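For the sequence shown, UniProt numbering begins at 1 and goes up steadily by one.
Read the hints as simulated data drawn from the structure, not as lab findings. Fair warning: this is a prediction, and the values are worked out from it, not measured in the lab. Honestly, I wouldn't trust all of these hints.
Said to hold, decoys possible - With a straight-line Cα cutoff of 25 Å, these simulated SDA-like cross-link-like pairs (lysine to any residue) come out:
1. 18 x 50
2. 18 x 157
3. 18 x 129
4. 18 x 80
5. 18 x 49
6. 18 x 175
7. 18 x 3
8. 18 x 79
9. 18 x 146
10. 18 x 181
11. 18 x 4
12. 18 x 164
13. 18 x 114
14. 18 x 57
To be verified - Just the calculated beta-carbon pair ranges, DEER-fashion:
15. 128 x 57: 21 to 29 Å
16. 150 x 76: 35 to 43 Å
17. 50 x 132: 17 to 25 Å
18. 67 x 150: 18 to 26 Å
C-beta: ideal position from N, C-alpha, C; glycine also.
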Amino acid sequence: MSQPVVLRAVDYPRMPWKNGGGSTEEITRDAGEGLEGFGWRLSIADIGESGGFSRFDGYQRVISVLQGAGMNLQVDGVSSRALLPFDAFAFRGESAVACTLIDGPIRDFNLIYAPQRYTARLQWLDATTPQRLFSSAHTLLVFSAGEQTHISLGNTSHEHLGRYDCLQLSGNRQLLEITLSGLCCVIELSTV
């Protein structure tokens, strides 16, 4: 197992949206520069008003509201359910997407990945008592949405994350036992 890396929210670089309508804090990615060349990317966006989303042709997107009342999406002319905090919603990157905010600005959490290169699994956990899970994913990401998330990886590593910090473990080649407590998102990525 490679060593986990803790990414702190205060260090995330801010980047402009592809459509120029706002900005995103990039948490991490597998490769590339700017908005090109990545196989997967994790980010946080601030949405201050209703409007259109950037297109990412050839990618799959999974979005969740982190803060605020929520939003409704129109994806290729079809209305989504109301997206409330910590409710993940997936759509194709080439879709025409517009959002309508429910009651003021929101922050959202985005996974964008190339499905021809990666498989992905994303799940939100609100573990008031420690939860144990197992993963053999090549890349494991644990994103903390609460004030504190505690993570144990097998018997070797114990980490504490603050709000919006992220633990990244790349190059995993074994079945890994993970114990979590706190409000967090677990993302598992493996090459196709």
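Consistency of the hints with the structure:
1. 18 x 50: holds (16 Å)
2. 18 x 157: Answer violated: residue 18 to residue 157 is near 37 Å, above 25 Å.
3. 18 x 129: Not OK: residue 18 and residue 129 at ~40 Å, beyond 25 Å, violated.
4. 18 x 80: holds (23 Å)
5. 18 x 49: holds (16 Å)
6. 18 x 175: violated (37 Å)
7. 18 x 3: violated (33 Å)
8. 18 x 79: Status holds; Cα separation ~23 Å.
9. 18 x 146: The hint is violated at about 29 Å.
10. 18 x 181: violated (35 Å)
11. 18 x 4: Roughly 30 Å separates the two Cα atoms, so the pair is violated.
12. 18 x 164: Roughly 23 Å separates the two Cα atoms, so the pair holds.
13. 18 x 114: holds (17 Å)
14. 18 x 57: holds (12 Å)
15. 128 x 57: 21 to 29 Å: violated (41 Å)
16. 150 x 76: 35 to 43 Å: Distance hint for residue 150, residue 76 holds at roughly 41 Å.
17. 50 x 132: 17 to 25 Å: violated (41 Å)
18. 67 x 150: 18 to 26 Å: holds (22 Å)
When each numbered hint is compared with the structure, violations occur for hints 2, 3, 6, 7, 9, 10, 11, 15 and 17.
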